[in-house]
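Heads up: the protein sequence lines correspond to chains A and B, in order. 1 is the number of the first residue of the first sequence in the numbering used here; add one for each residue after it. 1 is the number of the first residue of the second sequence in the numbering used here; add one for each residue after it.
Hints listed in this document are in silico derivations from the structure and should not be mistaken for laboratory results. These figures come from a predicted structure and were not determined experimentally. Hints should not be assumed to be uniformly reliable.
Label-pair restraints from in silico Cβ distances [to be verified]:
1. B:Arg321 x A:Thr45: 33 to 43 Å
2. A:Pro57 x B:Ser500: 55 to 65 Å
3. A:Thr45 x B:Gln358: 22 to 32 Å
C-beta: ideal position from N, C-alpha, C; glycine also.
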Amino acid sequence: MKNNMEVIMLMPEQGQKNKQVIPAPGPGGGSGPGPQAPQVEKPNTEEILKRMRKVDPDQARRYRQRTGE
Amino acid sequence: MEKKRLVPWSVYFGLETEFGISVLENADIDVVEESIHLVRSASQLGSPNLWDYTKEDPHQDARGFRARELRQDADEANFFSQDRQRPYSFEEIKSDFVLRNGARLYNDHTHPEYSTAECSTLIELIAQDKAGERILEECAKASSKKRRHTVCMYKNNTDFAGHSYGCHENYLIPRLIPWDRLVEGMLPFLITRQIYAGAGKLGWEREDHGMPGGYQISQRADFFTELVGIDTMNRRPIINTRDEPHANPKLYRRFHVILGDANLSEFSTWLKVGTTALVLEALQYERIPKRFFLADPLYAHRSISRDPKFRWEIELAQGGRTTAIELQSDYADWVARYVDLDHPEKEKVWKAWKETLQTLATNPYALKDRLDWMAKFWLLQTFREDQNLSWEDPWLQSLDLEYHLVDRSRGLFYALESAGDIIRLTTDEDICQAIQQPPSSSRAFVRGKCIQRFSKDLINVQWDYIAFRFNGQTYRLDLASAFPGVDLEVYCEVIDNAKSVGDIVKNLNLKPMGN
Numbered sequence: 001m002k003n004n005m006e007v008i009m010l011m012p013e014q015g016q017k018n019k020q021v022i023p024a025p026g027p028g029g030g031s032g033p034g035p036q037a038p039q040v041e042k043p044n045t046e047e048i049l050k051r052m053r054k055v056d057p058d059q060a061r062r063y064r065q066r067t068g069e
Numbered sequence: 001m002e003k004k005r006l007v008p009w010s011v012y013f014g015l016e017t018e019f020g021i022s023v024l025e026n027a028d029i030d031v032v033e034e035s036i037h038l039v040r041s042a043s044q045l046g047s048p049n050l051w052d053y054t055k056e057d058p059h060q061d062a063r064g065f066r067a068r069e070l071r072q073d074a075d076e077a078n079f080f081s082q083d084r085q086r087p088y089s090f091e092e093i094k095s096d097f098v099l100r101n102g103a104r105l106y107n108d109h110t111h112p113e114y115s116t117a118e119c120s121t122l123i124e125l126i127a128q129d130k131a132g133e134r135i136l137e138e139c140a141k142a143s144s145k146k147r148r149h150t151v152c153m154y155k156n157n158t159d160f161a162g163h164s165y166g167c168h169e170n171y172l173i174p175r176l177i178p179w180d181r182l183v184e185g186m187l188p189f190l191i192t193r194q195i196y197a198g199a200g201k202l203g204w205e206r207e208d209h210g211m212p213g214g215y216q217i218s219q220r221a222d223f224f225t226e227l228v229g230i231d232t233m234n235r236r237p238i239i240n241t242r243d244e245p246h247a248n249p250k251l252y253r254r255f256h257v258i259l260g261d262a263n264l265s266e267f268s269t270w271l272k273v274g275t276t277a278l279v280l281e282a283l284q285y286e287r288i289p290k291r292f293f294l295a296d297p298l299y300a301h302r303s304i305s306r307d308p309k310f311r312w313e314i315e316l317a318q319g320g321r322t323t324a325i326e327l328q329s330d331y332a333d334w335v336a337r338y339v340d341l342d343h344p345e346k347e348k349v350w351k352a353w354k355e356t357l358q359t360l361a362t363n364p365y366a367l368k369d370r371l372d373w374m375a376k377f378w379l380l381q382t383f384r385e386d387q388n389l390s391w392e393d394p395w396l397q398s399l400d401l402e403y404h405l406v407d408r409s410r411g412l413f414y415a416l417e418s419a420g421d422i423i424r425l426t427t428d429e430d431i432c433q434a435i436q437q438p439p440s441s442s443r444a445f446v447r448g449k450c451i452q453r454f455s456k457d458l459i460n461v462q463w464d465y466i467a468f469r470f471n472g473q474t475y476r477l478d479l480a481s482a483f484p485g486v487d488l489e490v491y492c493e494v495i496d497n498a499k500s501v502g503d504i505v506k507n508l509n510l511k512p513m514g515n
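Taking the hints into account, I'd like the entire structure generated from these sequences.
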C-alpha cells in the first residue's frame, strides 16, 4: 500500500507524459461528427421560446458575484 | 419513484449549496447586504444564532496534519474586514438559522448558503435539497417585498466572469478506508462523472476572467488547478482534504467533494450522489484497478467538459485511450463486485447509472429530460436556431443564467419541468413535507424536532450534538454515533415522546456538563 505522499507524487508525474493543449474557445454545440440529434417528434416549444425571448440579452453581463467556496 | 419503506444507507450524505443573488432593477447592488436581508427572512422556519462555530476547523487536513494557513485566509480576512464596516454585528451578518427540517441556512460572507440535513436515503436528500430551493424562493419573495425591488436567486456556480461558488457534497464514510486508496479511487471517478452530473455552461473562465467560448458540460471544471489539497476558494483541488468528520473521528471520515455542480434536475442530483456513494462503499473493500488511472487528471477534467463533440476521450496512465463513458461503465462493473445491490435504492441507482451511460453513448439528446447539461444545451440550441444566433451571442449566456433561477414562475428549468419535460423523483407533497420536517432516518430528526419543540431551551447546535439548558444546568445530547441501528431509534423515540427537555435528560440519562 502506498502512503499518501507516494500517491500525490504519482499523479502529476503521470500527467507529464502527455503535454496536450486544452481545446481552445470556440463554438460548441455538438456539430460535426459527434452525436447526432435523435429523429424524434419535437415537443411544443412555443411556450418556452416565448419565455426565453423575454430574457434580457444583457442579463449575464450585469450578473457579478463574489468568489465563494 | 414508488413509495416504499426507506432502507437507510450505512452512511450519511448531504449537500451544501451557495446561491447566486442579484437584483433585477439594479445590477450594482451590494450582494452581501442583499444576502443578509434575504437569509433573515427565513425566521419563521428556524432558530437564529445557535450554531457553535468554536468546534469548526477547516484547517484540519486528512493527510494527517493541520494546515497553518489556507490560501483563502487572506480573501476571507479581506471580506471580513469589509463586512466589519457594515452596521451589523457578526451574528447579524451571518444570520445563521438552524431550520425546523434539520438544515442550516446562513450567509457565508458572500452567498446565501443552504446545507441540507444529513440524510441516509437518497430520496430524502433530493426532497431536502429541493426544500432548500423552495425556502430560498420564498425568502426572495419576502425580501423583494420588504426592500421594494426584485431579488433573484440562482442555483448555479458561476457569474461567467471568473467568480465561482460551490455546491459541496459530504459523504460520511468509515475511516478505515486508507486515505491513499480514496484519493486514487475517487480521482478518475470524479473527473468523469460530469458527463451525467454537470449543470452545463456557455463560455470559458479562469479566476477573475471570463471569455466567450463554446458550451461545456461542467460549470466548475474551469476552476480546478490542483489534484489534492485543502483549499476551497483558490487553487481548488479535485480531491479536497478537509477533515471535519462531524461524527466520531476514530470511526468516520467526511469525504468532502467540492468539484460538483449545483443541479436543478432531481435525477442529476440523485445519480451524482448515488454513484459517488456506491464507489465510496466499494472502496471499503478494494482499491481500484490501476488501469483506471488517468494520465493527466487535470487536463482530462477540462477537456471532457469542453469537448464539443461529446466524445470525452481521455488518456490512461498505463497507455492507450478510453472515454469517460467507458471508464464510468468500468467503475459501475467494478462497484457491482463489492456493493450489495439487493438494497433497493442502491440497485436503482446502479441500473440508472448503466442505462444513462449507454444512452450517452448512443443518443445523448434523449437525456434532455433528466440531465441538466443536456436539458440546457437543448434549450440553447433550440433558441439559437429560432433566433439565428451564433454561439457567442451574449443572449445565450443570459438564458444559461435564467435556467438556474429558482423562481418557478420565471426560471427556465422550471419552465421545462412544468411542461412535463423533466423527470421528477419527488412529489410537491414530498418537498412541502421536507420544508417542515427533518428526514426520518438520520440524526437530523433529533435536531429538527428539538428546533420545532424546544428551541427556547437550546444553547447551541452542531451537526453532531445539541446542547440545552435544564434547571440551570447545561446538558449535551451527543449525536456523533447516532446512526440507524445504533442509538438513533432510541433518541428519536425519546424526542418524539418528550413533553419537555427534562424528559430528554431523564430518559437518556444525561449528566450535567458543569457551568
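Hint check:
Between Arg321 (chain B) and Thr45 (chain A) the C-beta distance comes to about 37 Å, which sits within the given range of 33 to 43 Å. Distance hint for Pro57 (chain A) and Ser500 (chain B): a CB-CB separation of about 59 Å, consistent with the stated range 55 to 65 Å. One distance hint, 22 to 32 Å for the beta-carbon pair Thr45 (chain A) and Gln358 (chain B), holds here, with the actual separation near 27 Å.
Checked against the numbered hints above, the structure breaks none of them.
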